[in-house]
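Peer 1: Work out the full structure: start from the sequences and follow the hints.
Number of protein chains: 2
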Amino acid sequence: MVDVPVVVLGLGNVGRSFVSQILSQRAFHDRHYGLRLSIRAVSDSQGLVCTGDGGLPDTELAAILKHKAAGRPLAEWPGGGACDSPLDAAQQGTAPGSVVVDCSAADATADALQWALEAGHRIVLANKKPLTQDLAVWNRLTHTPEGTWNLGRSRWETTVGSGLPVVATLHRLVGSGDPVVSMDGALSGTLGYVMTGLQQGKAFSEVVSEAKASGYTEPDPRDDLGGVDVARKALILARGMGLDLSLADVEIESLYPEEVADLTVDEFMKALPTLNQGFQSHCAAAARRNACLRYVASVSADAVRVGLQEVTLDSPLGQLQGTDNLVQFLSGWYNPQPLVLQGRGAGVDATAAGVLSDVVDLAFTHP
Amino acid sequence: MVDVPVVVLGLGNVGRSFVSQILSQRAFHDRHYGLRLSIRAVSDSQGLVCTGDGGLPDTELAAILKHKAAGRPLAEWPGGGACDSPLDAAQQGTAPGSVVVDCSAADATADALQWALEAGHRIVLANKKPLTQDLAVWNRLTHTPEGTWNLGRSRWETTVGSGLPVVATLHRLVGSGDPVVSMDGALSGTLGYVMTGLQQGKAFSEVVSEAKASGYTEPDPRDDLGGVDVARKALILARGMGLDLSLADVEIESLYPEEVADLTVDEFMKALPTLNQGFQSHCAAAARRNACLRYVASVSADAVRVGLQEVTLDSPLGQLQGTDNLVQFLSGWYNPQPLVLQGRGAGVDATAAGVLSDVVDLAFTHP
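Protein chains in written order, with numbering that gives the first Met the number 0: chain R, 0 to 366; chain P, 0 to 366.
Take these hints with a grain of salt, some might be off.
Here chain P is said to cover these stretches of chain R; the calculated rule only asks that three of the stretch's residues, wherever they fall, bring their Cβ under 8 Å from a Cβ of chain P [said to hold, decoys possible]:
| hint | region |
| --- | --- |
| 1 | 27 to 33 |
| 2 | 136 to 148 |
Computed footprint of chain P on chain R, listed as stretches where at least three residues anywhere in the stretch have a Cβ under 8 Å from a Cβ of chain P [what the hints assert, rightly or not]:
| hint | region |
| --- | --- |
| 3 | 160 to 168 |
| 4 | 342 to 354 |
To be clear, the hints were calculated from the coordinates, so they are not data collected in a lab.
All C-beta atoms in this analysis are idealised placements derived from N, C-alpha and C, irrespective of residue type, glycine included.
Peer 2: Structure (structure tokens):
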């Protein structure tokens with residue numbers, strides 16, 4: 000049996016589901032993979048619970064999950080301690096050969112992850128932020144000091160398309176030397192929901208309000224509608240195909256105008272109907288051409304762009320409904336017919352399962 | 000730089016393309032992966048060329064590819080030697096930490112692959128045969144002696160769907176403990192071509208003759224039409240989700256009747272029109288229900304079946320055209336909307352590229 004020490008940064012929804020899945024899959028991973036994932040440390044933005052022994056007891060971890068689910072910080076956990084930063088958490092929590100798992104949504108974990116790699120640990124990211132900072136940070140998190148892919152130590156599958164194996168597929172194409180020409184797709188379940196609603200004839204204000212009420216959007220829907228989250232995913236794919244680009248190089252079309260950018264969330268929701276007419280005529284024009292609108296990320300050596308695209312109704316993107324994601328790869332061997340991946344591209348548990356797959360994958364690499 | 004000794008069993012179309020891609024990607028794998036894939040031995044059914052040094056020179060390998068492409072056996076290559084069996088080739092060819100790559104289509108490689116694992120080497124299979132023999136052979140080729148998945152040493156991505164990451168996707172789902180409920184799909188480019196042709200109104204005899212003339216079928220089209228090749232793929236998926244089944248457990252519907260099984264190929268081709276009427280009425284009945292026929296592999300704990308299915312025109316399988324493959328996974332997290340993979344599921348170069356991806360993947364695991 001191989002013991003894999005795990006350090007978890009971030010105990011939000013994804014972090015808690017990840018820990019919970021490790022606990023519930025213990026017998027399975029033991030029997031079928033010969034693995035014991037020993038959680039040595041869990042941390043949130045200010046607190047840390049860690050152990051010098053083999054791992055935190057499962058009973059304590061289960062109790063910590065309840066404590067956090069009730070909205071209480073880790074620093075208040077009996078036996079928990081303060082933690083200055085994710086770096087502090089990683090340094091205190093790791094044992095030799097650990098996997099440091101970033102389930103946070105913070106920029107601030109980049110230091111911790113870089114330190115972990117330099118110290119000989121492995122890393123898994125569900126967090127897009129560290130991978131979309133400066134190119135130098137991307138290189139340190141994904142490449143060896145010699146400049147080669149560090150896939151034996153670093154994985155980030157769920158940063159694009161949640162559990163859909165988008166990044167793994169890209170790595171397989173790239174790894175064989177098959178030149179990836181382009182990746183196009185719908186990478187936001189939230190915007191997929193909005194676009195499908197518009198296609199069905201709903202008003203923009205109505206479908207955004209529905210999406211917010213159903214919990215499909217961030218608390219401020221502009222965080223989705225602005226397109227930056229999709230742009231981060233497009234950038235991760237672009238960098239994954241070898242393009243040396245930064246977030247500023249991604250052309251981003253926002254679904255709301257400058258004028259409503261500074262409103263409060265309540266004011267913004269009230270102002271939404273002023274945008275209805277524009278979307279309605281845009282959709283109607285598309286429909287007259289047997290097409291519909293989708294919010295599409297397009298990645299190629301020529302340009303990386305996220306924004307509205309008119310697609311024909313019988314195309315894979317035109318047939319996509321609801322919150323499903325879809326990515327089409329064109330490469331040397333997949334051309335003119337693309338390689339297509341489709342399915343749920345969001346969801347706390349599916350994302351956490353994808354993180355767990357990355358950890359299991361890394362357990363087969365050199366420790 | 001990591002040197003990975005490679006031994007190639009089988010120098011048919013896929014084996015030659017695999018060697019050729021290694022040669023043409025040398026600078027790429029060096030620069031981006033820090034890898035040198037040293038081909039220490041190549042073999043065909045009777046011959047072996049191998050070296051005791053770091054690897055066969057690229058110039059010699061390129062010349063060997065030409066020699067084989069001209070239809071000449073390896074045993075005739077100057078400096079080549081006889082080889083009794085794939086096991087003999089593997090034993091003579093390997094150096095410590097080798098990857099033995101099965102690009103043959105023979106049952107006989109199973110011994111060589113089992114020996115390689117026991118001797119501490121790694122294996123990659125493009126060949127379905129060894130993985131569809133007795134369950135005991137499957138277990139030895141894919142699991143450790145302790146009964147856990149041996150993914151650090153064994154890969155077989157291209158046995159299902161060619162370069163499409165079908166097996167990798169299954170491994171990711173299984174690895175996280177997400178219970179895979181079913182896999183359904185079109186896994187034969189040849190039968191996809193036939194089914195699309197029938198849907199377009201072509202006669203069965205016409206579309207099979209076309210497929211044969213275009214090189215989409217085996218020399219004897221019954222090898223495709225009988226469904227056994229698809230059944231092998233279905234079995235590999237079934238075993239991959241943990242079902243202890245054998246080929247005899249797969250329900251196989253053949254597209255030709257017993258009566259024509261013993262004819263010569265020429266006689267069979269001449270007898271094809273007698274089958275037209277049956278397919279025509281079956282297709283017409285489906286069309287009246289806004290459906291069409293597809294040759295589908297269905298894998299679940301309840302049953303593994305390959306055969307004709309009527310699917311609605313607006314379903315993913317109904318929309319599939321030509322030789323593309325498609326697989327839908329239903330699991331705990333991908334339900335009711337499936338995870339879908341679609342794209343080219345055949346082709347010599349795409350398959351060889353998938354084999355190369357497996358080798359690169361394994362290069363990141365413990366040697």
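Peer 1: If a hint holds in the structure, say so; if it doesn't, say that too.
Peer 2: Results for each hint:
Counting residues of the region 27 to 33 of chain R whose beta-carbon sits less than 8 Å from any beta-carbon of chain P gives 6, enough to reach three: the coverage restraint holds. Note: the region 136 to 148 of chain R has 5 residues with beta-carbon separation from chain P under 8 Å; the three-residue rule is met and the coverage holds. Interface restraint, the region 160 to 168 of chain R with chain P: holds (5 residues with C-beta to C-beta distance below 8 Å; minimum three). Only residues whose C-beta sits within less than 8 Å of a C-beta in chain P count toward coverage, and the region 342 to 354 of chain R has 7 of them, enough to reach three; the restraint holds.
Violation of the numbered hints given earlier is absent; every hint is satisfied by the structure.
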